[in-house]
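Engineer: The lines below spell out each chain.
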Amino acid sequence: MTMRRSILLLLLGLGAAALLPASSPAQGGGPIKIGLLAPLSGAFSATGKDMLVGTEQYLDEIGRTVAGRKIELIVEDTEGTPATALTKARKLVDQDKVHVLTGGLLASTGYALQPFVDSVRVPTTFPVIAADDLTQRKPARWIVRTGWTTSQPMHPFGEWVAKTLKHKRIVTIGMDYAFGWETVGGFQRTFEDNGGQIVQKIWTPLNTNDFSPFLAQIRRDSDAVLALFVGRLALQFMKQYEAAGLKDRVPLLGGGTTTDESVLPQMGDEAIGAITALHYSAAIDTPQNRKFATAFEGKAGKSASYYSEATYTGTRWIAEAIKAIGGRVEDRDALLAALRRVEIKDAPRGPIAVDQWNNPVQTIYVRKVEKVGGKLQNTVIATFPAVGQFYKYNPDEYMKAPLYSRDYPPCKHC
Amino acid sequence: MIGRRALLAAAAVVALAAVGPFLPAYPLTLLTQALIVGILAMSLDVILGYTGLSSLGHAAYFGVGAYAVAIMATERQAGLLACLAMGVLLAAATAAVFGLLAIRATGTYFLMITLALGMVIWGLAFRWVSLTKGDNGIAGVPRPVLGPLDLSGPVPFFYFCLLSALVAWALMGLLVVSPFGLGLRGIRGSETRMRALGYNVWLHKYAAFVISGVFAGFGGTLWAYYNGFVSPNDVQLVTSVETLLMVALGGPGTLIGPALGAGIIVFLKNFVSVYTKRWLLILGGTYIGVILFAPSGIVGALRGRRR
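So the protein sequences, as listed, match chains A and B.
Heads up: the first sequence begins at 1 in our numbering, then just goes up one per residue.
Heads up: the second sequence begins at 1001 in our numbering, then just goes up one per residue.
No lab work stands behind these hints, which were simulated from the structure alone.
Glycine included, every Cβ here is placed at the ideal spot set by N, Cα and C.
Any given hint could turn out to be false.
Said to hold, decoys possible - Keeping only pairs whose Cα atoms sit at most 27 Å apart, straight-line, the calculated DSS-like set for lysine-lysine is:
1. K371(A) - K302(A)
2. K291(A) - K371(A)
3. K1277(B) - K70(A)
4. K400(A) - K412(A)
5. K302(A) - K1277(B)
6. K49(A) - K239(A)
7. K97(A) - K70(A)
8. K1277(B) - K299(A)
9. K97(A) - K49(A)
10. K97(A) - K33(A)
11. K97(A) - K163(A)
12. K33(A) - K1277(B)
13. K163(A) - K392(A)
14. K247(A) - K375(A)
15. K49(A) - K1277(B)
16. K371(A) - K239(A)
17. K97(A) - K1277(B)
18. K392(A) - K168(A)
Claimed, not checked - Covered stretches of chain A, going by a simulated chain B footprint (3 or more residues, C-beta under 8 Å):
19. 70-83
20. 88-94
21. 288-296
Chain A extracted, bound-state conformation:
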C-alpha cells in the first residue's frame, strides 16, 4: 500500500507541476503574439510545412518586428483534425494569450473554429480555409479570410471555358466532399449559364486507390473533363488519366489544386496541357512573385505552392493591420477593423482587398501546365482581375440558393 500510495502521490505531484503555467502572460509592452495553426503531422503534414515556411519567410523579411514591437510566432500542430485544432486554438488563446489567430487547412477546421473564435473574440484570419459558407451564409464576425472561397476561381473559369474554349459538353470528376462539391458546383453554375452542359458528374471516395473504374465510366463523346483532386490523389489521377488513353482524346480541365505546385513537381509529362484556375500560380510573371517564389524555394527546398503564398501574404496582411493601428494590438476591435481595411496591391498573387463579408476580392488566373526549362509550371494564359466570391451574381440572390453540394446544382443534362 505504501509503495502504491507513494507512486500515486508522485504522479499527482508531477501532474500538478505540469498543470502550472510556464510563465504568466505579459500585458502591454511585450511582444505581439501570433498563433499559427497548421497540420504539421499526419496526412497533411507536407501542406502544413508549406504554411509554416511561408509564414516564417515573411516574418524574417520584416525582421520579426512590426510598428516597433517584436512579433512572437507560436506554432501549434492540428494533426489535420478539427477537434485537435480546437484544443490547440484554446491553448493559444487561453494560455499564450495570442493577439491574432491564423492558419487552418480543412473546411471542417474552419467551421469548428468559427463559433469558438466568435465566443472568445480574438481577431482571426483564415489564409487557406476556403469553405464557401464561412463568408457567405454563415459569416463569422471575428474572422477575416485572406485566402479564397472554393468556388471563387471556378466562376470565371466556367464562363471562360464556355466562351473561349467553346466546349459544350463536359464531364466532371472530383473528390466526394465539400471542397469537391463547391469546386464543381461553381464551375457548373457559370458554365451552364453560358450555354455549356455538364453531362456527367462522377464523385470518387477520398480513399480511392485506383481510378480505373471511374475513368472507364467517363463519356468519351464529351468535349472535356473537369477534375478536382488534392495531393496524392492528384498525382495518381493524372497518371491513370493518361494510362486510360484519355489524355489525347478528352482535354483535361481542373480545379487549382489538381495541378498545384505542391504536387506538380512530382508529376510527369502526363500533366502537360491540363488547364486549371486558381488565385495563384508560382509562374505569375511579376517581380514580387519571382522574388517570393525564388526565396521560398531557397528556404524550403521545394516549389512555392498556393499554400505557402497564402500564409506569406496572410502574415503580411496581419502585419499591415498591426501597422495601421500603430501596434496597439490589445485593442481587439481596432485590430479587427484594421484587418478588414487592409489592401495589398503588390502581393505575389496580385492585388487583394476584402469585401463586406470578409472575403478577398482578387485576381483569378487560368493556368496551363507547360514544360519550361525541363520543369513543369502553371503558365498563366488568362487573368480575371478583381473577382469576388459572388462573381457577377447578386449577393443576396446568390446566398438564397443552397450551398453547392453533391446534388446542387442538379445535373440537368446527365
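Let chain A serve as the given structure and place chain B on it in line with the hints.
Structural biologist: For chain B alone, kept in the frame of chain A given last:
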C-alpha cells in the same frame, strides 16, 4: 479491496475537484477532455479488459452519441436531458444491432468486424450530408444548461464532466464486480469452461457489448458539448485505435487504468507538442516502453508488483 479502491478514487476525485477552479483555463480544458475521453476508454475496458474482446470500432458509439447531441441541440434546440437520453439511447441501439453481428466472431475476426461496423458509422457521418452536414461537421453546439444550472462556463462544465466520469466509473465498477462481471472474467479466462458450467456465454458477451456501447455513447454526448462541434473525424478509425491504446497503456481489466491512460495521452499530446515537433516519437516510445516493460499496463504493473 473495493473499499480501499473506492477510498483512493474518492481521494483522486476530491483532489481534482479542489484543484479545478484554481487551474488556468487551458489545463482545465485538457482535464475536462481527459475526463470525457476517460469515459470512452473505461467503456472499452468493459469488453476488452474484462471480457477479452478487443474492438476496433468503439468510436462508432462515441460518434453516435456525439452526433445525436449535435443534431438535437442545433436543429431542435433540445435541452441537456433530452440530448443525453437521445445520445445514450441511440448509442445503445447501435451497439445492440452491431453486437448481433459482431459477437459471433472472436479474436482477430471480432476485431475486423468491429472495424468494419465502425467504418459504416463513419461512412454515414460522411455521406448522409442532409443529416450530418458531411465532412464540414456540425458546428455551434451550445454548452448545456440544466434548469437553473448554467454549465456553459469552463469550471461548471468541468464539474459536470467530473461528476459524469465518476458516475460512469462507479456504475461500471459495480458492473464488473457483480456476479455478471465475474461471469465476464470467466469468459475471458475460458469460454468453453464457462459454457460447460452452464453460463449463457453469448448473452453475457452481448450484454457486455451493449453496456460498453452505452457508456461510449455517454462519453460521446459530453464530447459534443465539450467541443461544440462534431465531424466525421470523431468517428474515424484513428479515434478507435487511440482508445485501444489508452486502455493498453493504462492497464486492461482495471477500469481506472484506462481512464489514467486517457489522461496521460491527452496530456502527452498537448503538452509535449508544445516543446517539440517530434512529439509523436515520444508518444510512440511511450507505447513501446509500456508494451515491453509493463505488458499489463501502468495500473496492471503497479498492482502486479504489490502482489
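Engineer: None of the hints should be skipped; say for each whether it holds.
Structural biologist: Verification of the supplied hints:
1. Among the hinted pairs, K371(A) with K302(A) is consistent with the structure: their alpha-carbon atoms are about 17 Å apart, no more than 27 Å.
2. Annotation: proposed proximity of K291(A) to K371(A) holds, straight-line Cα distance about 21 Å (limit 27 Å).
3. With a CA separation close to 24 Å, the supplied pair K1277(B) and K70(A) stays within the 27 Å bound.
4. About 20 Å separates the Cα atoms of K400(A) and K412(A), which keeps this hinted pair within 27 Å; it holds.
5. Restraint check: the Cα-Cα separation between K302(A) and K1277(B) comes to about 20 Å, which is no more than 27 Å; the hinted pair holds.
6. Distance restraint check for K49(A) and K239(A): the Cα-Cα separation of roughly 25 Å lies within the 27 Å cut-off, and the hinted pair is therefore satisfied.
7. Taken as a hint, the K97(A) and K70(A) pair is honoured in the structure, with Cα atoms around 15 Å apart against an allowance of 27 Å.
8. Between K1277(B) and K299(A) the alpha-carbon distance is near 19 Å, which keeps this suggested pair within the 27 Å criterion.
9. Of the pairs offered as hints, the one joining K97(A) and K49(A) holds, with about 24 Å between alpha carbons and a cut-off of 27 Å not exceeded.
10. Simply put, K97(A) and K33(A) have alpha-carbon atoms about 7 Å apart, close enough for the 27 Å limit, and the pair holds.
11. Restraint check: the Cα-Cα separation between K97(A) and K163(A) comes to about 51 Å, which exceeds 27 Å; the hinted pair is violated.
12. For the suggested pair K33(A) and K1277(B), the alpha carbons sit about 19 Å apart, so the restraint of at most 27 Å is met.
13. About 15 Å separates the Cα atoms of K163(A) and K392(A), which keeps this hinted pair within 27 Å; it holds.
14. For the hint linking K247(A) to K375(A), the alpha-carbon distance of about 19 Å falls within 27 Å, and the restraint holds.
15. The straight-line distance between the Cα atoms of K49(A) and K1277(B) is roughly 12 Å, inside the 27 Å bound, and the hint therefore holds.
16. For the proposed pair K371(A) and K239(A), the alpha carbon gap of about 16 Å is at most 27 Å, so the pair holds.
17. Distance hint between K97(A) and K1277(B) is fulfilled; the C-alpha atoms sit about 21 Å from each other, no more than 27 Å.
18. This hinted pair checks out: K392(A) and K168(A) have alpha carbons roughly 21 Å apart, not beyond 27 Å.
19. Counting residues of the segment 70-83 of chain A whose beta carbon lies closer than 8 Å to any beta carbon of chain B gives 5, which meets the minimum of three for the stated coverage.
20. Chain B is given as covering the segment 88-94 of chain A, and this holds because 4 residues of the stretch bring a CB closer than 8 Å to a CB of that chain, at least three being needed.
21. Counting residues of the segment 288-296 of chain A whose beta-carbon sits less than 8 Å from any beta-carbon of chain B gives 0, not enough to reach three: the coverage restraint is violated.
Hint compliance for this structure: hints 11, 21 are not met, and every other hint is.
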